[in-house]
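> Sequence:
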Amino acid sequence: MNLTMMTGPASDVSGEAFTGSVSLVRDEIADTAAKIEGQQVADLARHLTQPGRVFVAGA
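One gets our numbering by counting positions in the sequence shown from 1 and adding 83 to each.
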């Protein structure tokens, strides 16, 4: 797992760095989803798609 951490204002983050962070989160979700039951995946998906959520890679 890549534990890269970005610090500083969000406006200073490049598109490439942001995309990399999103990819890390997506990879972690996929890895976790592969290890859990179908109902747990559905519950996780419902939780992750709630409005107003902000995710930080490596948190």
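Quick caveat, the hints were computed from the structure, so don't treat them as lab data. Treat each hint with caution, since some may be false.
To be verified - Ranges of calculated distance between the beta carbons of each label pair, as one might list FRET restraints:
hint : residue 1 : residue 2 : range
1    : A117      : G141      : 18 to 26 Å
2    : G121      : E99       : 29 to 37 Å
3    : L127      : F101      : 19 to 27 Å
4    : R136      : T102      : 26 to 34 Å
5    : G135      : T102      : 15 to 23 Å
Every residue, glycine too, gets a C-beta built ideally from N, C-alpha and C.
> If a hint holds in the structure, say so; if it does not, say that too.
Verification of the hints:
For A117 paired with G141, a C-beta distance near 19 Å keeps the hint of 18 to 26 Å intact. Take G121 and E99: their Cβ atoms lie about 35 Å apart, and the range 29 to 37 Å holds. For L127 and F101, the Cβ-Cβ distance of about 23 Å falls inside the hinted range of 19 to 27 Å, so the restraint holds. As the Cβ distance of R136 to T102 is approximately 18 Å, the hint placing it in 26 to 34 Å is violated.
A hinted range of 15 to 23 Å for the beta carbons of G135 and T102 is consistent with their spacing of about 22 Å.
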